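Trainee: Protein chains in written order, with the working numbering: chain A, 1 to 535; chain B, 1001 to 1379.
Note that these hints are calculated values from the structure, not bench results. None of these values were measured; they are calculated from a predicted model. Idealized CB from N, CA, C, for every residue including glycine. Mixed in with the good hints there might be a few duds.
Over 12 Å on every C-beta distance to chain B, these chain A residues come out as not near it, computed from the model [what the hints assert, rightly or not]: (1) F47; (2) S441; (3) Y491; (4) I494.
Taking lysine-lysine pairs in the DSSO-like style, the calculated list, with each CA pair at most 30 Å apart, reads [to be verified]: (5) K1362(B) <-> K1274(B); (6) K503(A) <-> K1077(B); (7) K1362(B) <-> K1302(B); (8) K535(A) <-> K1077(B); (9) K1264(B) <-> K1129(B); (10) K1249(B) <-> K1274(B); (11) K1077(B) <-> K432(A); (12) K1279(B) <-> K1220(B); (13) K1377(B) <-> K1332(B).
Residues per chain are reported as follows:
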Amino acid sequence: MSTIAHDHAAGLGDHHAHDDHAHHPTGITRWLTTTNHKDIGTMYLWFSLTMFLVGGTMAMVIRAELFQPGLQVVDPEFFNSMTTLHGLIMVFGAIMPAAVGFANWQIPLMIGAPDMAFARMNNWSFWLLPPAAMLLVISLFVPGGAAAGGWTLYPPLTVQAGMGMDLTIFAVHILGASSIMGSINIITTILNLRAPGMTLMRMPLFCWTWLITAYLLIAVMPVLAGAVTMLLTDRHFGTTFFNAAGGGDPVLFQHVFWFFGHPEVYIIILPAFGIISQIIPAFSRKPLFGYASMVYASAGIAILSFIVWAHHMFTTGMPTAGLLFFMYATMLIAVPTGVKVFNWLATMWRGSMTFETPMLFAIGFLFLFTLGGFTGLVLSIMPVDVQAQDTYYVVAHFHYVMVAGSLFAFFGGAYYWIPKWSGTMYNETLGKVHFWSSLISFNVTFFPMHFLGLAGMPRRIPDYAQQFADWNMIASIGAFWFGASQLLFVYSMIQCARGKGEKAPARPWDGADTLEWTLPSPAPYHTFETPPLVK
Amino acid sequence: MNRTSFMARPRLLSSLLAAALGVSGPALAIAEWNLQPPVTPIARQMYDLHYFIFWICVVIFVAVFGVMFYSLFRHRKSQGRQSAHFHENTLVEIIWTVIPFLILLFMAFPATKTILAMKDTSAPGLTIKVTGNQWSWSYDYLQEGFGFYSNLSTPLAQIENRAPKGEHYLLEVDNPLVVPVDTKVRVLITAGDVLHAWWVPAFGVKQDAIPGFVRDTWFKAEKTGVYRGQCAELCGKGHGFMPIVVEVKSQEDFAKWVEEQKAKTVVAGADPNKVWDLKDLVVTGERVYAANCAACHQPNGKGVPGTFPALDGSKIVRGPKEAQISIVLHGKPGTAMPSWAQLSDADIAAVITYTRNALGNKTGEAVQPAEIKAARKSG
Chain A
1 MSTIAHDHAA
11 GLGDHHAHDD
21 HAHHPTGITR
31 WLTTTNHKDI
41 GTMYLWFSLT
51 MFLVGGTMAM
61 VIRAELFQPG
71 LQVVDPEFFN
81 SMTTLHGLIM
91 VFGAIMPAAV
101 GFANWQIPLM
111 IGAPDMAFAR
121 MNNWSFWLLP
131 PAAMLLVISL
141 FVPGGAAAGG
151 WTLYPPLTVQ
161 AGMGMDLTIF
171 AVHILGASSI
181 MGSINIITTI
191 LNLRAPGMTL
201 MRMPLFCWTW
211 LITAYLLIAV
221 MPVLAGAVTM
231 LLTDRHFGTT
241 FFNAAGGGDP
251 VLFQHVFWFF
261 GHPEVYIIIL
271 PAFGIISQII
281 PAFSRKPLFG
291 YASMVYASAG
301 IAILSFIVWA
311 HHMFTTGMPT
321 AGLLFFMYAT
331 MLIAVPTGVK
341 VFNWLATMWR
351 GSMTFETPML
361 FAIGFLFLFT
371 LGGFTGLVLS
381 IMPVDVQAQD
391 TYYVVAHFHY
401 VMVAGSLFAF
411 FGGAYYWIPK
421 WSGTMYNETL
431 GKVHFWSSLI
441 SFNVTFFPMH
451 FLGLAGMPRR
461 IPDYAQQFAD
471 WNMIASIGAF
481 WFGASQLLFV
491 YSMIQCARGK
501 GEKAPARPWD
511 GADTLEWTLP
521 SPAPYHTFET
531 PPLVK
Chain B
1001 MNRTSFMARP
1011 RLLSSLLAAA
1021 LGVSGPALAI
1031 AEWNLQPPVT
1041 PIARQMYDLH
1051 YFIFWICVVI
1061 FVAVFGVMFY
1071 SLFRHRKSQG
1081 RQSAHFHENT
1091 LVEIIWTVIP
1101 FLILLFMAFP
1111 ATKTILAMKD
1121 TSAPGLTIKV
1131 TGNQWSWSYD
1141 YLQEGFGFYS
1151 NLSTPLAQIE
1161 NRAPKGEHYL
1171 LEVDNPLVVP
1181 VDTKVRVLIT
1191 AGDVLHAWWV
1201 PAFGVKQDAI
1211 PGFVRDTWFK
1221 AEKTGVYRGQ
1231 CAELCGKGHG
1241 FMPIVVEVKS
1251 QEDFAKWVEE
1261 QKAKTVVAGA
1271 DPNKVWDLKD
1281 LVVTGERVYA
1291 ANCAACHQPN
1301 GKGVPGTFPA
1311 LDGSKIVRGP
1321 KEAQISIVLH
1331 GKPGTAMPSW
1341 AQLSDADIAA
1351 VITYTRNALG
1361 NKTGEAVQPA
1371 EIKAARKSG
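Given these sequences and hints, build the entire structure.
Mentor: As C-alpha cells, this is what we get:
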C-alpha cells in the first residue's frame, strides 16, 4: 500500500525543489494522520477495491444459489441479506468511494492545485468509511441477521427486521456524512484552487462532471439521511411515518428514498463520464468534440435527475397525471445522454486511434453503457415498465449502466492513471486479457437476464420456476467467470503498487495533454506548490 | 437435482439455436426469452409497445455503432492515420439534439394512449379484493360474499431437492383465483402486513399491494385457461414462494363455480358444535400448519432463532390452551405473528391441536371448534 506515489520520488527532488516528503510520519500513523490528497486518494481506491471484492463475493453466493432451481446453498432469509448487502456495499462501499478516490488524486493535479481545499476534513471523510463498512459486515453476525429488505430498504418490511437493520441505518448515516464532506471539499477545491489561467470552461471534463456530482451529493444525501432516520424512529420510537395505522404511508418512504435514489444514479455515472472524456481524446489523439455541449449535457442530466424519481414507482398506483409527467420527464433524459455518446463518437471520428487497455475499457463502456441506456428508455415507457418492473430485466438494465458503465470506466481510469500514481507501467497483456475476459463474461452474465425478466422472473427470489433454469445457469457461469477475471485487475494493481514492472515515463500517453502529465511519474508527494500558468 | 438439468438441456439448445439464427421469439414460440403471450387488450398493447420501442432502439443502435466500428477500423494509428483537429460543429450538435427529441415524441404518443386505457377502471362486471400476506394471497368475492386463501402447493420436498420438480414448480397453488372470460374484472389490491405486488404477466397487470391502502386495477381476459404470475415486491423470506394462479372459466362454468363456493361456505358453518377426535384434528391440523404456519415456524417447529420463535418446547404451546387460542386469533402485536381469525373455527382448532401434539410436543389435549367459537365471542 505504502509504495504508491512517493517512495520513488526521492531522486526527482531536483525537478521539484519543494518536495518535502520526509516530514510525514511513517507506518500506520502516516495513513491515519495524513492530509495529503494523494495518500487519501490511494486509501479511497484500495478501500473501494476491498469492498468491491466483498460485495463481489456476495454476488457469487447469489449466483451459486440461482445456478439451479431448488434451494441448495443458502436459506431464503440469508439470500435476501446477500442481495441487500451486495447492493449497499457495491453502491456505497465500492463505486462511490472509487469515484472520490479518483477525485482526490486527479482534481488537484488537473487544475494545478497543491492539495484539496480542506485537507483535514479530507482525512476525516475517508476515515469514516471503514467503520461504516464494518457496521454493514458485522450486521451479518447479529441476532436476526443482516438487513434483508433490499438495498432500497422499503418499509414496512424493514420495520419488521432485527437489529441488523439498525446497524445498516447507522452505516448509511456515516457514509452520507462522509460523502457530504467529500463533496464540500471537491466544490471548494475546484472553485478556489484553480491555477491562474485555468478558467472553468478550460478545466478537464473530469473536473466538471465531478463538480456537478458534488452538488448532487450535497442536495440528496441529507434526503437519504432523513428517510432512514424516519425509518429508525418508526422502528424504535413509536412514530408512524410509514404506517397507515398511525396516519402514515409506506409509499412516502419510496418517494423520499427515490428523490435521493435517482440523482444517486447520476452521482454514480457522472464521474465515469468524466473519466471517459479524458481517455477517448487521449487515445484518439484529438481534442474532445463539443466540450461546451458536454458540460451543458452533464448539467442538464443532473437537473433532470431531480424530476424523474417516481419512474421507480410506476406500479405503486399513481394518478394518471403523475404517470404521464414522470414518463415524459424520464424519456427526456435520453436527449442529453445521447448528446454525450455522439460527442464521444465524434471525438473518435477521424482520430488516430490506438487501443491500449484504458481505451479498450472506454470503448467497452461506450458500447455497453449505451445498451443499458436503451433498456432504460424501454423501461421509461410506463406500460412496458409494468411488465418489467421488479424483474430481471431491471437487474440487467442497471448492471449494464453500473458495471459496464461506471465500473468499466473506473477500470479504464485506473489503467490510465496508474503510471502517474505508482511510477510503474501496468502489464499491457494482462490488462487486455482482463478487458476481454470481463467484457465477454459480463455479457454472458447479464444479457440473458433481459430474457429472464421479459419471460416473467421476479428479482430478489432465491428459487425459480423451471422455465427460467437455462438462462439462470448461463448467467451463473458468466458471473463466476466475471468474478475470477477481476483477480487479474487486483494482481495488476498490486504489481504496480510494489513497483514491479516497467518504469513509467512522465507522459506515457502521447495524446494526453492535461496538467498531471507535466509532472514526473510517480507524482511527487507535494505538487504544484507554485501554481503552473495555464495559457 | 440432476434430473432437473437433464430436463433443461433440450430447451437450452433450442434457445441457443434460436439466438444464433437471430430468429425472433414468437416465431419459435420460446416463452423463456420473450414476454408471455398476452390474453387481455392491455397486455397486447404492452407487448406491441415493447416491440415498437425495441425495434426503434435496434435501428438507432446499429446506426450509431456502425459509425463507431467503421471509425475503429479506419481511423487507427496503425494504419498511419493523422488525427484531424476539429472539435466543434454547432449545426451537427443541434441536429443530434433535435432528432432524438422528435423520436421520443413518436414513442410517447402510443404510450400515453395505453396509460389512459389502463387507468380506466370504471364499469366492471366483477369486483374482487386481493390481499397480499406473508406469504400467500387471499381473494374475496365482494358481491358474492365468499373468499379464500391461495397458498403455494409445491411440496417442500421439491424445493429442498428431495423429490423431482413438477411442471409448474413454484407456480402452483391450492385454490386459484377464478374469473369469467370476457368480463371486465376490477381488482382491489391491499396487503395485510408488508408490501407485495400482484402480477399476472399474461394480463398486463402489476399493482403493488400496500398495507393500509387500497389500489385498483382491471383486466379483461379474452381466453379461458390457467395463467400464472408471482409476487413482484420483496416481502421477506417467502417472497419467491407466493405465486398467483388465475383460472379463466367460461361464463357458465364460472356461475356454476360460484354456486359451489357459496354452498361450501354454508357447509363449513353448519355444525360448529361437532366434537372431533384428537387424531382427526391432528391430521387436519398438519395440513393447516403446512399452509399457514410452516413458512415462519418451520415445518419441524424449530422456528428461526432470533426471528421466528420455535413451537417445539414453547411455553405457550405446552401451557394453558386459552393463551394459545388468543394468540392465534389476535396475533401478537409488535411481532410478525398476525391474527389468523380469517381461518375457520375447525381449522384453528385443528392447527392448535396439531402443534400441541406434534413438533416435539405431546400434551394429549384436543382443542375443539366450539372452544374457538367461544373465544371469538368473548373477544
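Trainee: Now look at each hint and say whether the structure bears it out.
Mentor: Do the hints match the structure? See the list:
1. Against chain B, the non-interface label of F47(A) holds: every CB pair exceeds 12 Å, the least being about 29 Å.
2. The claim that S441(A) lies off the interface holds: its Cβ sits roughly 17 Å from the closest Cβ of chain B, which is beyond the 12 Å cut-off.
3. With 12 Å as the threshold on Cβ separation, the claim that Y491(A) sits away from chain B holds: the shortest Cβ distance comes to roughly 28 Å.
4. For I494(A), the non-interface assignment is confirmed: its Cβ lies about 31 Å from the closest Cβ of chain B, beyond the 12 Å cut-off.
5. Between K1362(B) and K1274(B) the CA atoms are separated by roughly 23 Å; this keeps the pair inside 30 Å, and the hint holds.
6. This hinted pair checks out: K503(A) and K1077(B) have alpha carbons roughly 24 Å apart, not beyond 30 Å.
7. For the given pair, K1362(B) sits about 15 Å from K1302(B) by alpha-carbon distance, which is consistent with the 30 Å threshold.
8. For the proposed pair K535(A) and K1077(B), the alpha carbon gap of about 29 Å is at most 30 Å, so the pair holds.
9. As the CA atoms of K1264(B) and K1129(B) are separated by approximately 19 Å, the hinted pair is consistent with the 30 Å bound.
10. For the hint pairing K1249(B) with K1274(B), the CA-to-CA distance comes to about 36 Å; that exceeds 30 Å, so the pair is violated.
11. Distance check on the hinted pair: K1077(B) and K432(A) sit about 18 Å apart at the alpha-carbon level, within 30 Å; holds.
12. Distance hint between K1279(B) and K1220(B) is unfulfilled; the C-alpha atoms sit about 46 Å from each other, more than 30 Å.
13. Restraint check for K1377(B) and K1332(B): satisfied, since their Cα atoms lie roughly 19 Å apart, inside the 30 Å limit.
Violated hints, in rising order: 10 and 12; the structure is consistent with all others.
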